[in-house]
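Protein chains: 2
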Amino acid sequence: MLLSHKSIRKYKSAAVSEEILKDILLSAIRGSNTGNMQVYSIIVTRDAEMKKKLLPLHFNQKMVTEAPVILTFCVDINRFNKWCEMREATPGYDNLLWFYNATIDATIAAQNACIAAEMHKLGICYLGTTTYMSEKISTVLNLPKGVVPVTTVVLGYPDENPELTDRLPLEAVVHYETYKDYSQDEINELYKEKENLPLTLKLIQDNQTDNLAQIFTNKRYKKEDNIFFSKEFYNFVLKQGFKLN
Amino acid sequence: MLLSHKSIRKYKSAAVSEEILKDILLSAIRGSNTGNMQVYSIIVTRDAEMKKKLLPLHFNQKMVTEAPVILTFCVDINRFNKWCEMREATPGYDNLLWFYNATIDATIAAQNACIAAEMHKLGICYLGTTTYMSEKISTVLNLPKGVVPVTTVVLGYPDENPELTDRLPLEAVVHYETYKDYSQDEINELYKEKENLPLTLKLIQDNQTDNLAQIFTNKRYKKEDNIFFSKEFYNFVLKQGFKLN
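Residue numbers (the working numbering), protein chains in the order written: chain A, 0 to 244; chain B, 0 to 244.
Derived by calculation from the structure, the hints in this document are not laboratory data.
You can take every hint at face value.
Same chains, same label: a pair holds when it works inside one copy or across any pair of copies.
The list that follows gives simulated cross-link-like pairs (lysine-lysine, BS3-like), each with its CA atoms no further than 25 Å apart:
| no. | residue 1 | residue 2 |
| --- | --- | --- |
| 1 | Lys9 | Lys201 |
| 2 | Lys179 | Lys50 |
| 3 | Lys218 | Lys201 |
| 4 | Lys179 | Lys21 |
| 5 | Lys193 | Lys81 |
| 6 | Lys230 | Lys144 |
Modelling step: build the complete structure from the supplied sequences, incorporating the hints.
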């Protein structure tokens with residue numbers, strides 16, 4: 000099942016039952032987490048009005064309003080801090096280390112939710128737009144200080160059956176014992192299949208670029224946009240009370 | 000299976016077959032990832048000498064040398080950048096946004112690997128020590144600029160069968176439509192079960208503290224340690240070429 004994962008971007012309107020949603024959420028919280036402190040929260044969106052508010056913040060990807068369930072996974076030290084303060088314990092988790100730990104834990108919970116959903120024949124798709132628009136999403140979801148959205152998953156019954164997307168060969172990504180840096184010949188070899196897929200050749204033609212790499216750097220994820228959204232994200236994480244340096 | 004996950008800290012010496020390891024690694028790279036750019040790498044450690052070098056960096060947790068396989072999941076823009084530069088494309092991924100995206104993607108790959116391992120009746124345990132000791136671990140694993148270890152997973156055949164660990168009730172972690180902040184009564188109610196577990200009561204007695212929260216703040220994850228390791232991690236991420244602010 001893990002080997003046949005495909006992101007689903009078209010959903011039937013059929014609801015996800017309470018029982019299945021509960022299994023997905025319970026699977027999420029059973030994942031490993033740092034010190035079993037559970038410094039994350041999950042926001043469930045099913046209300047049509049809420050979805051409409053989130054839609055533009057996820058760059059108008061239709062699945063946000065079409066999928067029956069949206070889950071936003073968040074770093075959350077607010078609950079843990081409140082508990083500590085009520086127990087005369089002084090928390091010290093508003094720093095990079097714990098923002099990072101909590102990000103990992105929230106992501107493990109998210110991936111467990113995705114796999115539980117797929118076990119129930121549901122489709123899922125991650126929305127990377129969450130980090131781009133973290134402040135506005137947080138306003139809609141009413142996230143207090145100490146809480147930052149990490150990633151969003153939409154889920155529901157698939158209304159499409161796309162092909163498996165490509166991956167680099169395993170040897171491009173896996174190193175044994177120590178990291179073996181790449182020669183130019185190795186880069187050419189490892190990217191050859193990806194660069195020659197019919198889909199890639201069509202993309203290059205449609206985008207009128209020289210090659211696939213330029214589609215990433217000049218069209219999809221441009222340096223100036225990355226810098227802009229990095230600053231936005233940094234400022235928001237700071238505003239939520241985390242010191243990142 | 001997701002609902003019965005337990006971290007395993009004692010392993011049999013039996014090796015993991017090449018076939019099973021390959022399935023685990025293939026499952027890891029099939030996970031969702033931002034833009035299908037695969038800006039992560041996985042380092043496999045099986046060599047006894049390498050494990051001995053990693054052991055103190057993971058605070059001498061015995062499973063590092065006892066488990067047959069250790070996987071270190073890393074943020075990696077080195078490979079992607081090399082490819083871009085060879086294609087006259089200017090990469091712009093050395094910033095917070097992409098460090099964060101790649102962290103999420105590496106973690107999704109890690110959790111897929113864990114679930115694939117558990118499907119093969121293997122046990123797993125995450126090592127949070129990776130962020131504490133990122134620079135020294137990177138030296139041992141020979142990680143170049145652009146590569147930062149995110150988390151480590153040990154895996155092998157279990158030599159123990161521990162009880163399920165507790166979790167907060169689902170309603171502590173899940174919010175519907177908007178985040179509902181916690182009143183003091185709610186915090187008391189949500190932490191009641193955890194605070195009254197026999198294991199918790201024993202821990203409080205052994206540690207001679209007033210309550211469980213103080214074990215976290217005064218013993219396990221102290222503010223001054225968190226600040227120290229945050230600075231170490233920040234400096235190392237910077238050294239690897241990422242600008243976090």
